[in-house]
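Peer 1: Listed below, chain by chain, are the residues.
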Amino acid sequence: MSILDKFSPLAGRYDRMRDSGADPFSIKFDDVVSSVEGVVNGKRTLLFGTNNYLGLTFDPHSVEKSVEAIRLHGTGTTGSRIANGSYKGHEELEAALADFYGRKHCMVFSTGYQANLAMISTLVGQNDHLIIDADSHASIYDASRLGHAPVVRFRHNNPDDLAKRLSRLKDQPGDKLIVVEGIYSMLGDTAPLKEFVDVKREFGAYLMIDEAHSMGVLGETGRGLAEREGVEEDVDFVVGTFSKSLASVGGFCVSSLPGFEILRIAARPYMFTASLPPAIIASTTAALETMRSEPQRRAKLTANARRFYNGLKGAGFTVGPEANPIVAVILNEVDVAVAFWKRLVDEGMYLNLALPPATPSHQAFLRSSVSAAHEPEHIDFAIELMTRVGREFGLLPENVHPFPPRQVTAERLSARAATMPARRPAADVGAGMA
Amino acid sequence: MNIVNDLGLDSIAVMNFTMALEDKFDISIPLHDMASVVTVQDLLRTIETLRSDA
Ligand SMILES: Cc1ncc(COP(=O)(O)O)c(C=O)c1O
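Protein chains in written order, with the numbering used here: chain C, 1 to 434; chain H, 1 to 54.
Careful, some of the hints might be misleading.
As the list claims (entries may be wrong) - Derived DSS-like pairs (lysine-lysine); straight-line CA-CA distance at most 25 Å: (1) Lys313(C) - Lys300(C); (2) Lys43(C) - Lys88(C); (3) Lys24(H) - Lys164(C); (4) Lys194(C) - Lys170(C); (5) Lys43(C) - Lys28(C); (6) Lys170(C) - Lys24(H).
Please keep in mind that the hints were generated in silico from the structure rather than gathered at the bench.
From a predicted model like this one, the values you see are computed outputs, not experimental measurements.
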């Protein structure tokens with residue numbers, strides 16, 4: 001008996017996946033050479049799974065500022081803002097974000113995950129109510145467990161369902177906080193924010209939006225879904241991350257709510273962790289400047305997202321409901337998805353494999369994120385490759401073979417391969433080297 | 001009967017089951033109230049309490 005025995009069901013599932021020749025959880029990049037190119041197993045690989053929406057990871061402005069900050073201010077802050085003090089850079093970044101969002105206050109956190117953890121777990125107390133979308137990101141769920149407020153879920157992106165659940169709470173005392181996301185990280189769908197705002201007003205609740213995947217992506221100036229939908233006035237708290245469009249690491253929350261600053265000495269995930277180091281603060285501040293001064297990046301990102309989404313949809317794949325930079329191909333069978341993913345990596349395309357329970361409804365997603373740094377030929381390569389492999393796997397409509405109805409093993413895949421001449425040897429489908 | 005184990009429900013299924021119960025009985029069942037539910041008896045008691053509070 002070991003303390004780790006309780007993980008044996010999980011370990012069993014993981015082993016079965018590894019036996020099929022693919023290990024999406026431990027892919028290694030020998031090198032990453034640009035926002036969209038890396039080296040995997042010695043092979044030049046196009047990156048389609050980075051969340052690097054604006055392609056700023058190698059941007060000279062950010063790189064130079066970051067190097068300069070290390071030289072001037074050192075490699076780390078070696079402590080938290082509350083216990084060990086803030087650097088000027090922290091305050092400048094908070095001011096820049098508050099200015100960008102047109103809000104009075106901003107708090108910066110060490111990760112986006114911690115931004116959600118801190119804000120959500122602190123804003124609502126045990127006499128309040130937290131109401132979250134059923135498909136919320138793990139950080140929102142974890143925040144709901146760290147805090148003391150009763151938690152109610154509503155059906156994903158369903159304002160009527162939210163209203164129904166709020167009406168059951170209408171005679172209960174306490175504040176109500178609704179949490180939604182701008183673009184959902186798995187399927188790339190956006191929240192029906194105008195309708196949510198109507199519900200929020202009707203029930204006098206507070207509204208928080210996590211713009212992790214929509215900052216820099218949506219809206220006239222890149223403030224996200226709330227800007228695009230014209231409802232920023234009704235959004236009480238915007239949470240976001242630096243790890244996607246801003247190409248570094250960290251998170252933030254902006255708000256104009258009077259008294260907001262007290263959260264600095266109330267939110268534990270802000271108080272009891274080391275603050276972001278100077279290099280990160282500097283590159284993030286620089287990336288925010290670039291994001292504001294180069295809106296053409298957003299235009300190119302949007303065009304790339306449409307090209308990719310429409311290409312995959314046109315080929316016959318089941319994709320998410322909207323053409324956003326997160327493009328998910330939805331597969332019903334986990335084993336097929338794993339084999340498909342491995343084939344794409346072997347052929348020089350890296351993307352994410354999203355498996356339940358991270359996905360809604362037990363499906364597996366081949367999840368890509370498009371970048372402004374992709375060129376049209378990158379996108380076309382990816383569409384062509386995925387279409388070719390999709391046909392080989394019998395997943396596309398023009399192929400007479402429908403989805404296998406039950407669990408597909410590597411053997412069964414290769415058995416089907418034998419019926420179609422254009423396939424590669426079975427060993428390549430699911431039994432190669434991880 | 002252990003609702004979670006015997007019905008083979010994972011954590012998401014339990015949360016979805018909770019949502020369905022909320023709609024069936026037109027009550028609000030906070031997620032942490034479900035955490036302590038193991039048997040059908042527990043579930044009955046939880047729902048009864050929530051209904052009498054409502
Ligand atoms: C919706 C959402 N919120 C929060 C986070 C957490 O951000 P980070 O990875 O920067 O901690 C992520 C991504 O990981 C996310 O997808």
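Peer 1: Against the structure, test the hints numbered earlier, and report the numbers of the ones violated in rising order.
Peer 2: 2
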